[in-house]
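Chains as they are written, first to last, in the working numbering: chain C, 1 to 163; chain S, 1 to 186.
Worth flagging that the hints you see were computed from the coordinates, not collected in a lab. C-beta atoms are modelled at their ideal positions from N, C-alpha and C, and glycine is treated no differently. A couple of the hints might just be wrong.
[Claimed, not checked] SDA-like, lysine to any residue: derived pairs with alpha carbons at most 20 angstroms apart: (1) S/Lys16 with C/Pro159; (2) S/Lys15 with C/Pro109; (3) S/Lys138 with C/Pro69; (4) C/Lys79 with S/Lys15; (5) S/Lys6 with C/Trp153; (6) S/Lys3 with C/Trp151; (7) S/Lys15 with C/Trp158; (8) S/Lys3 with C/Asn155; (9) S/Lys3 with C/Trp153; (10) C/Lys71 with S/Asp154; (11) C/Lys135 with C/Gly156; (12) S/Lys6 with C/Ala145; (13) S/Lys53 with C/Asp111; (14) C/Lys126 with S/Leu8; (15) S/Lys183 with C/Pro109.
[Claimed, not checked] Every beta carbon over 12 angstroms from chain C, so not counted as near; a handful from chain S, in silico: (16) Leu43; (17) Tyr77; (18) Val85; (19) Asp86; (20) Glu87; (21) His100; (22) Pro106; (23) Val116; (24) Ile126; (25) Ala134; (26) Lys138; (27) Gly157.
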Amino acid sequence: MNNYNDYYNYFNNQLNDMNYMPNNYEMMQDMNYGNAFQNTFMMPTAQNQIIDSYQGFLRGNMFGDLYDPYKNYQPMELKAQTERESLLQQVQQLKFAMIDLDLYLDTHPNDREALNLFNSYRTQEKQLCEQFENKFGPLTLDSNALNANNWVWINGPWPWEVK
Amino acid sequence: MWKYVKTLEYPVNIKKKDLRMAKYMMSQYGGANSELAAALRYLNQRYTMPDDKGKALLTDIGTEELAHVEIISTILYQLMKDATVDELKQAGLGGHYSEHGKDIYPTDPNGTPFTVSYFSSVGDPIANLSEDMAAEQKARSIYENLINLTDDPDVLGPLLFLRQREIVHFTRFNELYDEYKKKGYK
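Whenever a hint applies, use it, and build me the whole structure from the sequences.
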């Protein structure tokens, strides 16, 4: 193909920002115009400091430099009282890591570091989830824990019940 | 489509009933800046986002907001479940009780029912994202008010978590907004 623009247009991928070039006037107006052509060929690595999933979960924020505490409040400690609670908390922790990284990746889809981290959490989450479900029953309707003698999906506790 | 996962995003185990706090918490269940408003706002705006990033981000944040609706419902349910009718009356929830018994229902703390007028989708991605950012800031601010209204650690935990999520959501919407401005999506 001689017209590479058509090639990129056809695939409608993010790699070609040429479709979205602002006009020259705008370029000059934009004081920061060095950044106007944020070229996604250069895979930006996570400039954000991504913290461990336990701390991230307690805080509600996997990104250290984004964390904004309220007054003097420290994140609450989560003390699991039973084995079920403890295993479930680990599942929740990993699910949360995935969620927060998912939102980051939606706006930074070419960040390889973050992507690898997401997938590593995803793998861990799958394992933990299976461990939990083997002992305590299904978390979703896709679970192998549904291979039981009766329809265990209906069994409590349901998420809103006090443990 | 939506799948259900039989867990909350963050644990809620409230041991002490608190009817007055339940009334205040209704703000985030059926109020103008509630999680319900947020979920419906983003899930409605996602269809006309100009690129994949926008469609993904609004879908994913909208989905997380549904999980937050569930957390608020749980907080309401747990705060009220052991109350006597008298206690409900004392806390100003007599009206709620007559309409709903001990059921939860999306209203604000004054009993005004939830309405979709609380959010917009105006057909312009810059306008929509501006609303989304404002919504996140308002919700954050309300969580701070709610945090100021209690000292029960079982309630503070989820509130601090939810407040932090608003800050993260704001950041992501802001990133998308900046990119869309640069790309000329006015």
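Do the hints match the structure? See the list:
| no. | hint | verdict |
| --- | --- | --- |
| 1 | S/Lys16 with C/Pro159 | holds (18 angstroms) |
| 2 | S/Lys15 with C/Pro109 | violated (42 angstroms) |
| 3 | S/Lys138 with C/Pro69 | holds (17 angstroms) |
| 4 | C/Lys79 with S/Lys15 | holds (14 angstroms) |
| 5 | S/Lys6 with C/Trp153 | holds (9 angstroms) |
| 6 | S/Lys3 with C/Trp151 | holds (18 angstroms) |
| 7 | S/Lys15 with C/Trp158 | holds (16 angstroms) |
| 8 | S/Lys3 with C/Asn155 | holds (18 angstroms) |
| 9 | S/Lys3 with C/Trp153 | holds (14 angstroms) |
| 10 | C/Lys71 with S/Asp154 | holds (18 angstroms) |
| 11 | C/Lys135 with C/Gly156 | holds (13 angstroms) |
| 12 | S/Lys6 with C/Ala145 | holds (13 angstroms) |
| 13 | S/Lys53 with C/Asp111 | holds (14 angstroms) |
| 14 | C/Lys126 with S/Leu8 | holds (17 angstroms) |
| 15 | S/Lys183 with C/Pro109 | holds (17 angstroms) |
| 16 | Leu43 | holds (15 angstroms) |
| 17 | Tyr77 | violated (5 angstroms) |
| 18 | Val85 | holds (21 angstroms) |
| 19 | Asp86 | holds (22 angstroms) |
| 20 | Glu87 | holds (18 angstroms) |
| 21 | His100 | holds (16 angstroms) |
| 22 | Pro106 | holds (16 angstroms) |
| 23 | Val116 | holds (25 angstroms) |
| 24 | Ile126 | holds (14 angstroms) |
| 25 | Ala134 | holds (17 angstroms) |
| 26 | Lys138 | holds (15 angstroms) |
| 27 | Gly157 | violated (4 angstroms) |
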